[in-house]
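Here the protein sequences come in this chain order: A and B. Numbering of the first sequence is given in the working numbering, commencing with residue 1 and proceeding in unit increments. Numbering of the second sequence is given in the working numbering, commencing with residue 1 and proceeding in unit increments.
A few of these clues could be false.
Stated by the list, open to error - Label pairs and their calculated CB-CB ranges: (1) S34/A / S217/B: 48 to 58 Å; (2) S34/A / T229/B: 17 to 27 Å; (3) D67/B / Q33/A: 28 to 38 Å; (4) K66/B / A67/A: 25 to 35 Å; (5) P185/B / Q33/A: 22 to 32 Å; (6) L174/B / F69/A: 32 to 42 Å; (7) S34/A / Q219/B: 53 to 63 Å.
As the list claims (entries may be wrong) - Coverage of chain B stretches by chain A, computed from C-beta distances (three or more under 8 Å per stretch; other residues unrestricted): (8) 52 to 63; (9) 98 to 108; (10) 125 to 134; (11) 243 to 250.
What the hints assert, rightly or not - Distance condition first, Cα-Cα at most 16 Å in a straight line; then the derived EDC-like pairs of lysine to aspartate or glutamate: (12) K247/B / D53/A; (13) K53/B / E45/A; (14) K55/B / E45/A; (15) K172/B / D53/A.
I should point out that these hints are in silico values taken from the structure, not numbers from a laboratory. C-beta: ideal position from N, C-alpha, C; glycine also.
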Amino acid sequence: MMKKILSYISIFLLLTSININAKTNVIDDNFAQSCFSFYHGLFHEYYGGINLDNVADFNYLVAQCQAMFE
Amino acid sequence: MTFSYMNYRAIKIVLSIFYLSIITNLYAQTTYKVTYYIAEIKLQGSIDNLDEKGKHFTEQVIDYSKDVNYILIANQDASYFESEDILRKENNSPLEDILLRMAKRFTSFNKNVYANHKEDSIVFVRNLVNQDFTVKRDYFNFNWILKEETKKILGFDAIKAEGNYFDLIINKKLKVEAWFIPSIPLQSGPDVFMGLPGLIAEVNLNGAVVKIKDIVSEQGLVIKLPNITKPLTQKEYESLIENLTKKIKDYADN
Chain A
1 MMKKILSYIS
11 IFLLLTSINI
21 NAKTNVIDDN
31 FAQSCFSFYH
41 GLFHEYYGGI
51 NLDNVADFNY
61 LVAQCQAMFE
Chain B
1 MTFSYMNYRA
11 IKIVLSIFYL
21 SIITNLYAQT
31 TYKVTYYIAE
41 IKLQGSIDNL
51 DEKGKHFTEQ
61 VIDYSKDVNY
71 ILIANQDASY
81 FESEDILRKE
91 NNSPLEDILL
101 RMAKRFTSFN
111 KNVYANHKED
121 SIVFVRNLVN
131 QDFTVKRDYF
141 NFNWILKEET
151 KKILGFDAIK
161 AEGNYFDLII
171 NKKLKVEAWF
181 IPSIPLQSGP
191 DVFMGLPGLI
201 AEVNLNGAVV
211 KIKDIVSEQG
221 LVIKLPNITK
231 PLTQKEYESL
241 IENLTKKIKD
251 YADN
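The shape of chain A in the complex, shown without the other chains (with noise of 0.2 Å):
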């Protein structure tokens, strides 16, 4: 059962292409990037950084940022 959750959550993962990772991705885009220096810095002072709880609503703000530059 924990090799399944972890399969989903990888493909969740993926799929929702974790903006983490968008650090690497989009680093020529300045306004993306503002986007994922924004929010990770909210959330640093809010929480005390991107967690289990928090880090779909971190990527959900950031891709909704990002979007009204695109």
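Chain A is already provided as a structure; the job is to place chain B on it using the hints.
Just chain B now, kept in the frame of chain A:
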């Protein structure tokens, strides 16, 4: 024939006692609905480290935190705790939903918690990486220490208690301060915080202060039984968190 008649009488007496005990129990069992709210959110860093945009965003999150209520339905045998569904406007926009979610993150509460006080066990649902996980385990041990400090909460005398627990998500031992009301004989409280000789009316957590807003006893209150299909054990849950945390670190490093 005599034997059957005796049996019939015995069964009748047993059933009468059983029926009476159920009726008595129904009336003796008072079920309460307790509403909690977020009285204060506590940033792990400082708002001074944020730029104007960040400060404005934070003001919005704080504003939304004022709308967050949690409901506890509890009696002496069991309790059920969850966040109250709120609609700020007719239809929350996705951004409004996320502001609410971010406000709730400060409490770090589970999605819902069912406690069986007869078995000292709890079942909670935790949302991790956008996926709900159900876990069944024994009560948390907070090592509560009762203090001499008292104060009035909603007109009731409340006593201070201090405890600690290990937060698996942030991998840290955390302190918790609680205020409980001995005159309300419930060992429940918000989220997994319970086990004191009276209802917990206030908890001072790492990320927020949660206080009681209202308590009522109503007829017809039902304590929801969670839908438990193959819950994770505590050991499996710990292993899951360890593996997921490692995966996130690996993604960050690559």
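Here's how the hints hold up against the structure:
| no. | hint | verdict |
| --- | --- | --- |
| 1 | S34/A / S217/B: 48 to 58 Å | holds (53 Å) |
| 2 | S34/A / T229/B: 17 to 27 Å | violated (44 Å) |
| 3 | D67/B / Q33/A: 28 to 38 Å | holds (33 Å) |
| 4 | K66/B / A67/A: 25 to 35 Å | holds (29 Å) |
| 5 | P185/B / Q33/A: 22 to 32 Å | violated (56 Å) |
| 6 | L174/B / F69/A: 32 to 42 Å | holds (38 Å) |
| 7 | S34/A / Q219/B: 53 to 63 Å | holds (56 Å) |
| 8 | 52 to 63 | holds (count 5) |
| 9 | 98 to 108 | holds (count 6) |
| 10 | 125 to 134 | holds (count 6) |
| 11 | 243 to 250 | holds (count 5) |
| 12 | K247/B / D53/A | holds (14 Å) |
| 13 | K53/B / E45/A | holds (14 Å) |
| 14 | K55/B / E45/A | holds (11 Å) |
| 15 | K172/B / D53/A | holds (14 Å) |
Violation of the numbered hints given earlier is confined to hints 2 and 5; the remaining hints are satisfied by the structure.
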